[in-house]
Structures are given as structure tokens and as C-alpha cells.
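*Asks:* Each chain, written out:
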Amino acid sequence: MSESTGTAAEAWTADEIMSIVGSRALRDGMSCFVGIGIPSTVANLARRTHAPNLVLIYESGPIGSKPSHLPLSIGDGELATTADAVVAVPEMFNYWLQGGHVDMGYLTAAQIDRFGNLNSTIVGSDYGAPDVRLPGAGGAPEIAASCREVTIIMRHNVRAFVPEVDFVTSVGFGDGAGFRKKHGLTGGGPQTVITDLGILRPDSGDGELTLTAVHPGVKTEDVLASTQWPLRVAREVGVTEPPTPGELEALRALKSS
Amino acid sequence: MSESTGTAAEAWTADEIMSIVGSRALRDGMSCFVGIGIPSTVANLARRTHAPNLVLIYESGPIGSKPSHLPLSIGDGELATTADAVVAVPEMFNYWLQGGHVDMGYLTAAQIDRFGNLNSTIVGSDYGAPDVRLPGAGGAPEIAASCREVTIIMRHNVRAFVPEVDFVTSVGFGDGAGFRKKHGLTGGGPQTVITDLGILRPDSGDGELTLTAVHPGVKTEDVLASTQWPLRVAREVGVTEPPTPGELEALRALKSS
Amino acid sequence: MTTAISLNQAIAAQVHDGDTVALEGFTHLIPFAAAHEIIRQRRRDLTLVRMTPDLIYDQMIGAGCAKKLVFSWGGNPGVGSLRRFRDAIENSWPVPLEIEEHSHAGMANRYVAGASGMPFTVMKGYAGTSLPDNTKNVAFIDCPFTGETVAAVAAINPDVGIVHAQRADREGNIQIWGIAGVQREVLLASTRTIVTVEEVVDELDPRPRDIVIPAMAVDFVCEVPGGARPSYALGYYERDNEAYRAWDGISRDRSHFTAWLSEKVLDIT
Amino acid sequence: MTTAISLNQAIAAQVHDGDTVALEGFTHLIPFAAAHEIIRQRRRDLTLVRMTPDLIYDQMIGAGCAKKLVFSWGGNPGVGSLRRFRDAIENSWPVPLEIEEHSHAGMANRYVAGASGMPFTVMKGYAGTSLPDNTKNVAFIDCPFTGETVAAVAAINPDVGIVHAQRADREGNIQIWGIAGVQREVLLASTRTIVTVEEVVDELDPRPRDIVIPAMAVDFVCEVPGGARPSYALGYYERDNEAYRAWDGISRDRSHFTAWLSEKVLDIT
Chain W
1 MSESTGTAAE
11 AWTADEIMSI
21 VGSRALRDGM
31 SCFVGIGIPS
41 TVANLARRTH
51 APNLVLIYES
61 GPIGSKPSHL
71 PLSIGDGELA
81 TTADAVVAVP
91 EMFNYWLQGG
101 HVDMGYLTAA
111 QIDRFGNLNS
121 TIVGSDYGAP
131 DVRLPGAGGA
141 PEIAASCREV
151 TIIMRHNVRA
161 FVPEVDFVTS
171 VGFGDGAGFR
181 KKHGLTGGGP
191 QTVITDLGIL
201 RPDSGDGELT
211 LTAVHPGVKT
221 EDVLASTQWP
231 LRVAREVGVT
241 EPPTPGELEA
251 LRALKSS
Chain V
1 MSESTGTAAE
11 AWTADEIMSI
21 VGSRALRDGM
31 SCFVGIGIPS
41 TVANLARRTH
51 APNLVLIYES
61 GPIGSKPSHL
71 PLSIGDGELA
81 TTADAVVAVP
91 EMFNYWLQGG
101 HVDMGYLTAA
111 QIDRFGNLNS
121 TIVGSDYGAP
131 DVRLPGAGGA
141 PEIAASCREV
151 TIIMRHNVRA
161 FVPEVDFVTS
171 VGFGDGAGFR
181 KKHGLTGGGP
191 QTVITDLGIL
201 RPDSGDGELT
211 LTAVHPGVKT
221 EDVLASTQWP
231 LRVAREVGVT
241 EPPTPGELEA
251 LRALKSS
Chain A
1 MTTAISLNQA
11 IAAQVHDGDT
21 VALEGFTHLI
31 PFAAAHEIIR
41 QRRRDLTLVR
51 MTPDLIYDQM
61 IGAGCAKKLV
71 FSWGGNPGVG
81 SLRRFRDAIE
91 NSWPVPLEIE
101 EHSHAGMANR
111 YVAGASGMPF
121 TVMKGYAGTS
131 LPDNTKNVAF
141 IDCPFTGETV
151 AAVAAINPDV
161 GIVHAQRADR
171 EGNIQIWGIA
181 GVQREVLLAS
191 TRTIVTVEEV
201 VDELDPRPRD
211 IVIPAMAVDF
221 VCEVPGGARP
231 SYALGYYERD
241 NEAYRAWDGI
251 SRDRSHFTAW
261 LSEKVLDIT
Chain F
1 MTTAISLNQA
11 IAAQVHDGDT
21 VALEGFTHLI
31 PFAAAHEIIR
41 QRRRDLTLVR
51 MTPDLIYDQM
61 IGAGCAKKLV
71 FSWGGNPGVG
81 SLRRFRDAIE
91 NSWPVPLEIE
101 EHSHAGMANR
111 YVAGASGMPF
121 TVMKGYAGTS
131 LPDNTKNVAF
141 IDCPFTGETV
151 AAVAAINPDV
161 GIVHAQRADR
171 EGNIQIWGIA
181 GVQREVLLAS
191 TRTIVTVEEV
201 VDELDPRPRD
211 IVIPAMAVDF
221 VCEVPGGARP
231 SYALGYYERD
241 NEAYRAWDGI
251 SRDRSHFTAW
261 LSEKVLDIT
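The listed protein sequences correspond, in order, to chains W, V, A and F. Our numbering numbers the first residue of the first sequence as 1 and each following residue consecutively. Our numbering numbers the first residue of the second sequence as 1 and each following residue consecutively. Our numbering numbers the first residue of the third sequence as 1 and each following residue consecutively. Our numbering numbers the first residue of the fourth sequence as 1 and each following residue consecutively.
In case anyone wonders, no lab produced these hints; they're calculated from the structure. Just so it is clear, CB atoms sit at the ideal spot from N, CA and C, and this is done for glycine as well. Incorrect hints may have been included.
Claimed, not checked - Coverage of chain W stretches by chain F, computed from C-beta distances (three or more under 8 Å per stretch; other residues unrestricted): (1) 57-71; (2) 214-225; (3) 245-255.
Claimed, not checked - Computed list of chain F residues with no C-beta within reach of chain W, every gap over 12 Å: (4) S6; (5) G18; (6) Q41; (7) D45; (8) P53; (9) R86; (10) S130; (11) E171; (12) I250; (13) R252; (14) D253; (15) R254; (16) L261; (17) K264.
This is chain W alone, in the form it adopts within the complex:
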């Protein structure tokens, strides 16, 4: 979906509805470990709309940040000065994340596969000579391992939605049922994948991603055509609520701040 100048119901971009639906995945009062990029936009949007008491946690150390504008990096000064507490990085990862105190981890990546595994390391088949060198893991592997649940947000296309990721940076459900338990991954794994086309959720049996909703105006076929494997589709595919004027206004104000 591209920029629209049509009716009110279409007056949002694909990225905008992705961000807005993404923000709705956050519940007021919960704690959210916020990854770099879109997740930070989405979490700050939620805090400005329906979840004013969301506890934002950044890997640089701030817990409970209340930034007045969207930070460029995950370590901007305002994240620290507005936080309830700022902890050292080892404490953040060992005590707060690994210790199991964080409700939700919010991630994005360059590739995702049918079991919700994420790649943010390389594109290509040879680690030593990659086609594209990506930034790498950062905090994502342990966010994916330890948060009570994980939400993933990324644009939906065949380059990104691949049957098997080129490099497993962060584990979703591995190769299916039992994988997380076998590898001692204590968190619940990716429960929600939000894209610019719709929402995918893991099958309760083996964890394979399943299309459960599309955004207004998107067809199931669009999603299938944008996914490199034969995507499972729920018996009933819902349609997400369109962005409210308030949500759109808050998002646009946030992006321009």
C-alpha cells in the first residue's frame, strides 16, 4: 500500500498502519525491551496513545524512559535523564532480561523464517564472504530468548520472509516443536509478527507462523505472494482495525519530533 490521497479510510501509508497496529500489541503497564529502529517508534507511539504507563527498557541501561521525542540511538541522553533507573549494561542483560523480568521484547530484522527465527547478521550463504554484511546481533538474541513474549515488526516481502534464514541471529521456534525447551530458552518466543500487510502468529503446535489477519484493503493472496514459503493461513483471517485519527496524528507528531 502506497501513499494515499483518497478517502479518509485510506489516508495512511503501509508503514503507518504497520506502526499503529504494532503499537496496539503493547498493553498499558507492561515492560517492553525496545530494540533499535521501528520497535522504538512503535513503543513510543503506544506510550503516547493507549499505554501511557508502558515501561520502556533500552539495552543501553535506561528502565522506564519517558522521552519527549523519538531518540535516534538507543543511548540518547534523554533516555537516561527521564528514566526511573539507569543500570550498567551487564546488569541490564543478566539481571533484568535474563532474570526474566521483562514482559515483552520488540524486535525487527532483515530476514524472518517460517518458525520466526530472525537474521540481522548477513545475507548470503557464506559467512566469510557475505552478499550483504548487516550490523549483527546486538541485544536481539537474548531479547528473543528471555522476554515473556516477543513481538516482531518488519516489512513483508519475499526478500525478508524466507523459508530458512541465512544466519540465525535470534531464535524464534528454531526448527519447530520442542526446540526452545531443548535449548533452555525460557521466554515464550515470538507470539506476534506485525508487517505492513497483516499479522502472523505461531501455530500453537509447532510454532510455524500463520497468517491470522490482514490490514484493511490487503488480500490474503498479497501476503502469500510476498512470502517465500507456502504460508499457513488461519481458518478465519481477520481484518485489523484501521488507524484512528488520533493514532495517525500521534504517529505523525512523533515522527516529526
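Based on these hints, arrange chains V, A and F on the given structure of chain W.
*Replies:* Okay, now just chains V, A and F, sitting in the frame of chain W:
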């Protein structure tokens, strides 16, 4: 040696000369991990006499404390408020002590044996039914393991100086040469044992304690008679310098503070 | 998630017979008021965990709350023995007391492992001492990179962790300054937590070298001014060293202790 | 033990060709001035260790200082790629760059192990990912108490650790407030250390939520106001987000970068 009312040269008690000679083992500018009891007295005396820049470290967290009076516990408020830094207890033990940053550990105990091993846990042969239950280990085992060197201060008598301690709370040289290395104890071990009778130092070969000096007026035979094993004696046994009036005055002022 | 309730309600809700309970505070901020409430509610068969049992556990042990003690230094600091602790170990009074003892570094690391969601952690220490002979919670393992042997200690995850702090805000964020001990670790390692504080305030304005423990780690906050006496709360009141010295006489014999317990703890409502 | 000298002298004394060097600072307090001095002194064959290579290592890599990079996230935060880092990996320019990559938690724990004098430490993580296939510094071991398998990571002990901080006193005690990252751990883990500071003061009066790192961990203090630009020093200056955005253009091609390097780094004395 008991309370004296005689000449100036005898105008100190056995405990007083032990503390004063003990304080001289501390060099200005060094860092010292201060155990509970006499070590704290001795370290604070050194800071008031020849070592004003001694960095006092207490297991409760303060580094660089400058107390105005002798603390009763190792966690008195003044230790924190006068410190350069106060760290959490795990940081103290893992980073500062185990990390190898402390020059000297200063300990006392209920029993010491020929290899400088210390017991502050039980007296008696049955751990489950001890003759005397002592307070236990506290910070001593790791102080003994990790400080660059250890100084021990305790009263000299046959109950305390035993061939083999009833319980090894803190390791000196274990059973002799090679023991510390074999057990991964990175610090230098007990280099000085100061008692109310004199000074013992480990043999450079096997670490067995050897009498190297007596206090003024003490005879080597007095020390042998106060030690439950046949104590090694250095070829030349020195005599410690008597307390100066300044040292005595500082100690007495400290004790009454 | 934090709820502000009375100490009486918090202890009733969180502490059950048979629980493993850690009341921490390293000399500073020892939660005596919470301990006395546990004594008044006559909890029994507790496994008490604490680096320095101090007077707080001497009182709980003497009152018969404990079946086991896990600790690393059991003295009255600067004074001498803990007499109720010794009477329990040496004479099983008022009930037998099982003990498991560690070094301070070992206990601190056991809390660190618990706080970190790990089953164990590694450290240097215990090697060559008699301590490992008397606990199942110390082992020796080899470094997979260098082959060096190091000590492993098992995590402690108390059922209930209780600490005292200077202040909390209304969201349950906790502020501590001065000696912080293992307050943070015990809150993070415990399944259920209670924090007693000198005061609940609207805003935790910074204090010199303070730390803030986010409310995520806290279930209940109870405003209990003076809740650490005769220990101390930096900025509020000093350590009552005279009370620590006096305890030696009070605890010396059973009848004297029992009279003290009735008068100063049980008969207070 | 701390000596106050010029940055030029400190780098000359502490950093040698072939050393393993960690310049840390998590977004905040990145020691750019020290990095530029290393570039000017034309150090070569360094193993550079840092969680987030950021612009600071993009510049050092582009200048040819590094033979190896140990890291966990190599992007320009909020902007995109690190182009000199990618050019070195993908095209060996100006020299080949060996890499070893970890997760943030893994790197943080490797510093913790190094700071703790341990050969390794344990954590949850790495399991199920492709990361362990590409490093010798991750292994899996079993808990001696529960049998559970956990990750072990090897300690990092850099030859030289360099950080920036807000202030130091004349004894060399270091004060940091705001995001503290792994500043403390890298100083404690390193054999030799340099701290650049905004200012040296007589007294480290408390700042909100500050930490003090005692002088025992510090060899050299260099007063370098602005030494973290274009990163920031809370209380002194803000992050220059425009400079981070502009770096994308400057670093995009080799000639543009080289001109920048000459003008902004090499020709400064």
C-alpha cells in the same frame, strides 16, 4: 606481657605492641581489605600515623573510607559517607577482590596452623557437634585467596597456634609448596603473621611459618612455648622497634574514640 | 504491580510456613520490623537465608521460626557471638537448627546467579578450604577454554525476599543510598518480594550515590519508619551500637531472651 | 598510581602495535579523542574490541589501525551501515579485517569475566543461534547441580582499556553519570588503562545517580574537554546526531573518507 606501670620502654601492653607493629605492616598509598576486629583497629591506626593515604576497603562495600572514629561493625554509616565509592557486595568480591586489585588483606582468626591456614568456623573435631561454634567465614576465604599479600594478626598462645587447624576457613599455604598454585589461589598468601609476641613469616620454600622477630622483652623460648608445634626459628631473630610515644598516643586515642 | 499495604498484611500474604525466606541488608537497612512481624505471625519451619544472620536471625531463631539457616558469617559485629544461634546449633533450643554455611563471596554469587536466572555461577574460592565438605551447593568445574578449575555455586532463589530501603515512590521504585549490600540481588532472585521503607514519596529526587531498583522487582511496599532499627537507615537514623552491645546480655540466657521477646515483639500490635 | 598526563603521552606509553585495545562507551561517552590520537600515532595490527564499533571504529578501521574486530553490533545507530567496516570486511580495504562477533549479552559477560579475574563466565544465550559456529570463545557446559546446559563465554582481558568519563579527581577516582555501559568492566578487565575526562576537579561532588570508579582501576587520566564528540557527555554536551547522519556521506567512498581523515584527524596536532 601484661599492663605495665614501669619504665617508658615498658609502658605498653602486649595488645598495644601487637597493634602498633601490625600497623607498620601497612605502607602508605596501598589498598587494604580490612577484616572485622583487630585488623580494622590496626588499619585505622596506620592511617592516623605513617600511612595517611592508605585505601581502606570494607567487605560491606566502601572503598577509600576515612572514618573519624573506630567503627563497631564493618558497615557503619561513616564508612560509606567518607568513602571514595561504595559498591554492591557482589561487585566488591567479584570485581575488586577476585579481580586482583587489592594490595593487602588483613585478617585474624581463632586458630592458625604451621602453614598459615586459618580457622574461624569451629573448634573441635566434629563439624556437626563442635566444641565451640565460631562466627564462620565471612569475607576471609576470598581475602586470603585473592589479595596480593595477606597479613594476619592474632594473640599468640597454644590454643590458637596449632599444628593443623580444626577447619580450614581460609587457606594460607595449604599443606606446603605448590598448594596455592594447584588450587588456583592467585594472591601471594600470608606474608606476615603479627602476634603479641613477635613476627612470623613463611619459609620461602614450603611456606611453613618461621619466627623472624620478637617484640622487646620477649624471648624466643616464650614464643616456642606458646606454639603447639615445633616452630621454625630464623637464623637471626630480630627485635621489633618499640612503640613510639606518637604511635601509643594515636592508638589510645583511636581506642577511646 | 506494586501494592502498598500494611506490613501485617504483606507478611500474611507472602510468608508461609516452610518457605525459604531471605531478609537481607548488610549491616545497613536490616529489615527488623518485618522479622518481628514474621515472629508475631508465628511462622514455623522457615529456611532462613542471609549472609550475616546478625541480631535479626538470632531473634527469629530464638523465637522458633527457623528449621534451617543458610549463611556466611554468624557473629554480633564488633561484640561477639550470636547466642541464640549458638544455642540452637549446640543445644537444639528451641528447635533443632540445620545449617549450611558459605563464604560471603559464595553467598553473594549465589544471589547473583539467582538474580540472573541461572542455575549456578562460577567464582574463584572455596578451593582448599573445608567449606565444600559441608554443602551440596559448591562444586568444582573446568573452564572449557583454559582447563582451569574454578568453583561453581548453586543459585539461591528464595520464595520470599524482604529488604528495607530508605524510600519508594508510589509506583514502587525503590531508592537506596549508602551501603547497598545485596538488596538488589535478593529482590531479583526471589519469587515474591516485600520492601519496607522509611517513607513513600511522590518523587525520588536524587541523593548522593543512590541506586534505584525499578518496581518490576517489587511486589509489596510497606511504609515502616524506623523499620531497620537497631540497624540504621542512612539519612534517617544511625546504627544503635548500644543496642547491639546490649543484645549480648539479653540473649545470654533463654529466660531473659524469652522475656525480651514477649515484651518487645510478641506483645506489640 | 594514577598519573595525569597529556593524551599524546598516554597513548604513546600505553598503546603498542599489535595490542588488543578496547575503547568503550555505550552511545554515551565514546572516547573519540583517544581514538584519533591512536590514528595519528599510526598504530597498526590492533585487535579492536567494542560492543558497538560505531563511528569510532569505522574511523580506526578506515585508517588502517585494525587487523581484527571483536564486536556485537556494527551499525550507525538510527542511520544505517558502517561503511568503512563493511568495506574492510567485504573488500579488505585498506587492509583485511578479521572479525569475531557476539551478542551484546555475550560481550558484556566476557568483560564481566575479565573484570572478575575469571577465565570465563556462564549465561543463557547463544543456544540455537549461528553465532557459536563462528567463534572459539563460546562453549556449552552443564550445570553441576541441575544438569541444565548453559553457555560459557571466555573472558576478555584487553591489553589496554580506554574510556571517557565526565570527571576525575586528582587521585584518579572517576565519576560517571547517565548511561554507564561497560565502562567499569572494561577498566577492571584491562591490563593498562587510560581515562579521558571532561574535567579534573578537586572534589567529586555527587551528581544524580552517579557512580564512582575508584582510582585503583586507573593508570592514566587525561583531561580532554569534548573528548567524546560527536558522542556526548551528559551534563556537558549533547549527542551530535547531525554528525552521525553526515558520517553516512563522508564514509560512503574511500576518497571522501581519506580527505576527511587528513583534515579532521591526521593534520590536527
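*Asks:* Which of the listed hints are broken here?
*Replies:* 2, 3, 8, 9 and 10
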